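Quick mapping for you: the protein sequence lines, in order, are chains Z and E. My numbering applies: residue 2 is where the first sequence begins, and numbers increase by one. My numbering applies: residue 356 is where the second sequence begins, and numbers increase by one.
By construction, these hints were calculated from the structure, which means they are not laboratory data. Among these hints, one or two may not hold up.
[Claimed, not checked] List time: in silico DSS-like cross-link candidates among lysine-lysine, alpha-carbon distance up to 27 Å:
hint : chain 1 : residue 1 : chain 2 : residue 2
1    : Z       : 226       : Z       : 32
2    : E       : 420       : Z       : 51
3    : Z       : 100       : Z       : 61
4    : E       : 420       : Z       : 48
5    : E       : 420       : Z       : 162
The model shown is predicted, which means the values in this text are computed figures rather than measured ones.
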Amino acid sequence: MLRKVNNRLLLILLFGVILFSSVVFALQLPKWFPFQTKDALKEWEEKVFKGRVLYSVEVKNTEGYLSAYSDSTASGIFYRLTFSPAAKPMVSWKWKVIKFPDKKTVEDSSNGWIEKDDYAARFYVIFPGFLFSQMKCLEYVWARDLREGTVMSSPYFDAIKIIVVESGKKKKGKWVFEERNIYQDYKKVFGRPPGRIGGIAIMTDTDNTLSVAEAHYDEIRVGYKK
Amino acid sequence: MEERRRRKFVDIPFQRKLLIFIFVSAMIPAVIVAICLYYLIFNLLAQQMVIPEAIAYNLIPVARKVTVIIFISLPVTLLIIWIIAVEMSHKIAGPLFRLERELDRRISGEDSSYITVRKKDELKSLVEKINQLLDKIKKGR
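Extracted from the complex, chain E is given alone in its bound form (with noise of 0.2 Å):
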């Protein structure tokens, strides 16, 4: 059975990096996606209502309900996509993080095995060279 990482943040500033790359990778379309909709539906609407009362009875409590409704839903999506950068960035620099440790546990004398990684983890090829690496080495001596 294979151990999950109870750490979130292992190697912080390069996981920070990764972490902070990806959240605003997803938050600027988001929100440029956001603002534009918001901009382009109500005032292709408003002109085509021209008539400022008709405008200020049906677009104005609606463009103000759905203010409100962003302005409660956007900590909750923030929230969501930060979690999910969290998990994306642990996913590359956690093996990253594992691998280097491992490494320099071999360079070291410490452990001769091979190394081994989750099953979702990435990077899972790179772990599997290094391995034949690590043998064809082993077979050199």
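The shape of chain Z in the complex, shown without the other chains (with noise of 0.2 Å):
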């Protein structure tokens, strides 16, 4: 009986704390980083994958940007957060493209497109699933050389799902603004609804074809109603 009694309690303590736990991130939406102080990227976590990209936060009297530097080198910077994207699905961020990756270098070889796999700017949202391999993953990039809606698989797992969302030099330097909604997004590319989100992050990549990228991000808002 007081086995039974300690049992009951014990789960409904459990379901408290994940109730609270949802709430709290709840009540924190939407996330908001306008990088306008010099220790912005102090609560984002660095994740090296190939060498390190060059992450700074610039600030000029109170504006302020987060700039992205890579020389043959893959690393982003990550940012932990977990909520259910159906009731607040959007996300926005502005970015501004200084330089391409040269994928010349590869384009002529019998490379596969693996090695071609750099881009100015990438905006991760990071679905994990119970097990790492059922981590799903949708990738907003800007891509010099792809067409603008084209989505397709990472080459390095299905799971990955590259969206094109700017394409071509024609706005470089310039601040473009991106929305998007990806409770859809995710449907559908993947063909049924997201589960909960694991965190946001970015990154500026040149491992593969060993150029020089730079880009910058700025006001990057995430989890909200339209």
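Join these two chains into a complex; the hints should help.
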């Protein structure tokens, strides 16, 4: 009898903790990253894939942005946050490409497109699964030579879907605003509604093309309704 | 010289129960530990790596190799555990079966000598006590 009561109490406690953490995260939404102070990257984690990309916050007066400079490297910065995108599905950000990775070095070779998998700017929305192999990811990229609206699987893993949201050099050097409904995007590319989000990430990489790329990011807003 | 038992299954229902018990007792913790290690190691590493490409590039090929190794080694592991379980169950069920047969022979009067067991058999002390009891009964007559 006592054991039954204890088990029930434990279940209620567990449910309460889950509910409480969900409410806390929900109350924190939308999460906004204006990069207006030098220490704005303090709450982000750096993850090195192949060499370190230089991520820094540049502040002039009260305005700031995140700068990413990659020289034959690939590393990203990641922010952990958990919420269900069903109720607040919108994310937005501003980005500016200063220099695209040089894909000429690999274009004429017989290499596969894994060697060309470098982008001046990437914005990730990550959906972790129970097992790491069940992870899903939406990866919004600014590609120099892919058509806008292109959706494809990453050469590394099928569950990473690359969505080209900006294309070409036309807007190079200009701030461009992006806004996406991640719930709809996920449903469109994976064919079913998404689970909880595990975090967002940013990456500028040139590890495959062994060239140089530079991009700026700003005004990241996550988890709001339109 | 002691004769080795040729039959590995003596008293089928009893030994079968014992065999299954030993086999399952060894298998369940082994499987739980393997699953926990697999899940914990790869999931914790994935949580650390975070960047999906890094996970896909570094972790997934390793996980695939580990999965293949597990699937190849699983039947071998099961076979080894099964052989050990058969041996262990036989060491317990064998002497019991023999003891029962020997006692039957003494009850029917076919034999009146001491019961002997093999050196490595379990229940040796029990057999010694039965021999003492037989001895006492003999003297009492």
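TODO: Could you check the structure against the hints above and give me the numbers of any it violates, in ascending order?
DONE: none
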